[in-house]
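Number of protein chains: 2
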Amino acid sequence: MTEAAVDTPFRAWWREQASAQRSEVARIPFAELDGWGFEPHGGNLVHASGKFFTVEGLRIEPDDGREARQPIIHQPEIGVLGILVKEFDGVVHCLMQAKMEPGNLNTVQLSPTVQATRSNYLRVHRGGRTRYLEHFWGAGRGRVLVDVLQSEQGAWFWHKRNRNMIVQVDGDVPVHEAFRWVALPELLALLHSDNLVNMDARTVLGCLPRDLLPRQGRTGAFAAALRCSYETGADAGAARSWLLDVKSRGRWTTRLIPLNDTHGWIRKSDEISADDGSGFRIIAVRVRSRSREVPEWTQPLLAPRDEGLAAFLVRRAGGTLQVLVQARYEPGLLEHVELAPTVRTPPVTADEEVPYLKDVLSADHRNIRFDALLSEEGGRFHHALTRYQVIEVADGQTLEVGDNHRWMTIGQLMELVRHGHYLNIEARSLLACLHSLR
Amino acid sequence: MTEAAVDTPFRAWWREQASAQRSEVARIPFAELDGWGFEPHGGNLVHASGKFFTVEGLRIEPDDGREARQPIIHQPEIGVLGILVKEFDGVVHCLMQAKMEPGNLNTVQLSPTVQATRSNYLRVHRGGRTRYLEHFWGAGRGRVLVDVLQSEQGAWFWHKRNRNMIVQVDGDVPVHEAFRWVALPELLALLHSDNLVNMDARTVLGCLPRDLLPRQGRTGAFAAALRCSYETGADAGAARSWLLDVKSRGRWTTRLIPLNDTHGWIRKSDEISADDGSGFRIIAVRVRSRSREVPEWTQPLLAPRDEGLAAFLVRRAGGTLQVLVQARYEPGLLEHVELAPTVRTPPVTADEEVPYLKDVLSADHRNIRFDALLSEEGGRFHHALTRYQVIEVADGQTLEVGDNHRWMTIGQLMELVRHGHYLNIEARSLLACLHSLR
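First to last, the protein sequences are chains Z and L.
Plus 93 on top of the position in the first sequence (first one is 1) and you've got our numbering.
Plus 93 on top of the position in the second sequence (first one is 1) and you've got our numbering.
Same shape as in the complex, but just chain Z (with noise of 0.2 Å):
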C-alpha cells in the first residue's frame, strides 16, 4: 500500500520533518570507519570505547549434529523504546518523534517517544540530553501501563531485547522540535503507510493494553468477528503448554564464537558475506545527518539480502477470529522459541522448509486484511524490510495444522504479550497491525 492520497495536518508535518532531516547514508569500506575496528585475536568488529555493539560469531549446535556459523549483533544492554500517551478530548494520544535513522530506506520514520540506551538513562539525574526521558526513568516517571521486556530479530541480534514502555501523563507536556501528539486510531491507521511507523513504535503498539484501544469500530461480519477475538481466551493456559512442548523437545546449543571462526563467511574490504550468498551481509556506512547530535558518525550495519514476509493467516471461527501462530526456533533468541507469524521468511536455515507459505503467496487479494512494507531497525539493518500481512483463509478452506503451529484468539496474544519471551518481533508488529483492523 503507498500513502494516502489525501493530505492531513499529519502529512504537512512529516513532509517538513522529512525535509529538515534529510540526511546522507553512504557505504565505506570498514578501514574508513571511525573508532571501530577488528580486533586482532578473533577478529570480531568492536568499538574502541567498548561501548554501542559488536559484531561477533554465532554457532548453531541443533540436536541432529548439523552446525551452523553465522556473525550476530552483541549488544548486552537493555534499552528503552518508550511511547507517553494522553487523553485530549477523551481520545488517546501518542507522542511520537520523527526520527533518521541510518538503515531505514527513507532515513525519517516515526519513532516512540523515547528510543533511549542505557547511557542515556544512565545519565537522565545529571542532565541527560535524550527529551521526555525523565517520564520513563526515575521516581518522577508518570504512571506506567506498559513496561515488559521483550525480544528482538533471534537471527541477527544475540539475545537482544528492550524494555517496551507506554507511560500515561495528564498534566502539559511541551512539544519539542520533531514531535507531534498523534491520535491512536490515527497513528494505527498510518501502520497501512510503508515504510512509515519505525519497529520501535510497532513493538510498543504490539504491546497495547486492552484499555487503550479505540472503543469505536469498523462495520461488517470481519470486524465484529476481531473484536470478538479480543473478549476470548482470557486464559492461555493450553497455548502456553504447547510453546513450552515445543521448546522441551529441541536441544539447541549456541555459542558466541570470534567473528573469524565463522567457516564460510568471508570478510572482503567493504563486507563480510557467505560463500552461498544466502541471509545477509555486514556492511559499514558513513552518515551524514542535520538533524542528530553527532552530525556525522560511521557504523556498521547488518544488511539483509532479500526482503522479508511477516504473515499472519486468519480465519472465523464460529464468529470469533483465530490467528495460526508459529513456535519458532531463532538462535539469538533467549529463549530458543517464540510466537512468530504463520509464515517469517527468510527461513531460520537456507535449506529450512516454510509452511504455509503457499497459502500466503497465493491468496486472493480479496482475502488480503492487511497489507504493507514495514522497516525493520533502522540503526542496526541497512534497508531490512518485510511485507507484513493479515490474510484470511478461503471459506471452506482447511488447512492441517503441524505440530509447530496452532490456532490462537487476539484475546490470548495480548495475555500472553504482557510478559516477556512469548511474542517474537514480527508477531508483535503483526498485532499492532490487527489492531489498526478493528
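All the pointers check out, no bait thrown in.
Copies of the same chain look alike in the list, so a pair counts if it fits in one copy or across any two.
30 Å max Cα-Cα, derived DSBU-like pairs, lysine-lysine:
#1 K144 <-> K361
#2 K340 <-> K451
#3 K340 <-> K144
#4 K179 <-> K340
Think of the hints as simulated: they come from the structure by calculation, not from any bench.
Go by the hints and put chain L onto chain Z.
Then chain L, alone, in the frame of chain Z:
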C-alpha cells in the same frame, strides 16, 4: 528443626523407603569416571555419549571491568518436574516419590511424581520407563494447573531451566513402589523437616496456584497477616518495573569458555578447585544403588564448600505481611537478575557485601517463623545444604531499603511466579515455606 518425634503413617513408610533404597556414594578420582573425560581441546568435562551435562568454563565481564571466571554446569535441555494431584475426601493430595539422588546427604528425599529428562519424555510414546510421565506429556495428559519454565541456581548452572508442572487427575491412579499420596497440608508441614522435601518438589510447590492452597489455617495475628498478604497486590506492575530498573542498570556479559581457561582454578586428580578456596569444587563420585534403573554409575558433582543461607525478612504492615525481596544478579541466569531471598549466601563474588545478613543472623528466636536445613538438587550437587528461614522483623525495628530490595506481598509473588524469569529457585523454595505457615 529436626524430624518430629511423633510417628505417623508417612514416617513409617518413609523409614521403609529409606532403608529399601540404601545406596553408597564414594568419591573417586576423575580417572575412574566411566564414559566421562576431559576434552583434549579446551578441557571441558564431558560424557562420551554427548548426553547428560558438561562442566565448562564461564567468563563474567561486569560493567566495572573486574572479570571473573569459574566452572559451570551446562545442560541445554528442559526437564519436567511434575506433581500429580488428586482430591481424596475433599483434600488435595500430591503423589510423591521417595527418590535416591547421589548428592543428597541422606541419599533418599521426597521428590515430585516425575523428574524427567528430555530423553525420558521423548520416548514416552515408545514405552518409556518413567512412571506417570504420560500424565504430563503428550495428548493424553491430565488437567494442567501449572506449567511454567523456571530457572535454577544461576551461580552453578548455565541457563538451566526446568518445566514446573502440576497436573490434576480424577480417575484411579495405581500407586507404584516408592510412591505415595501425601495430603497437601501434610506435605507443606514436611517442609519443616531437615533434608526431607527435595529441591525439585519445593520449586513445584512454590508454583502452587491459589485455588489449591489449604483453606483451614493457623490462628493468631501472624497467620492472619500472612493470609491477608495472599489477597493483596494481584497487580504486581510496580514491582515488575522495579525489577526491570535493576536489570537495566547493569551491562553484564557472560560467556561460556573452555574449562581450561578458568584462570585461578586448578584441576587435581580428584577435584577442580579455586586457588582462594572459595565457592565450590567439582568432584567425581561412584554410586551403588539398589533402586535406580542402573545399579552402578559414576558422575561428576558440584560440591559447595559451605552451607548456604536463604532468608526472607518479613514484616507486618497494616495487618498484611510483607516480604523483603532482593533483585539479585547471578551469572548463569538467562535474564541475569531475578527476585531472590532478602539474604542469600554464599554471595556471587567473594568480596560482595550482603545487606541484612546481620539482621538475619542476630534475629531473636521468637521472630524466626520458619527454619529448616534443606538440600539443593542432589543429581548435580554434592551435600549442597541451605538453611531456609523466614524471619519477622522485630516490632518497632525499621530497615533501610536499598535500590536492590523491595517490600512485596505474597499475592504479588504468586502473580509473578506464574511466569518464568521472575522468582529464582531459592525464592520459590521460600514461597513454598510461606505456604506451610498459613
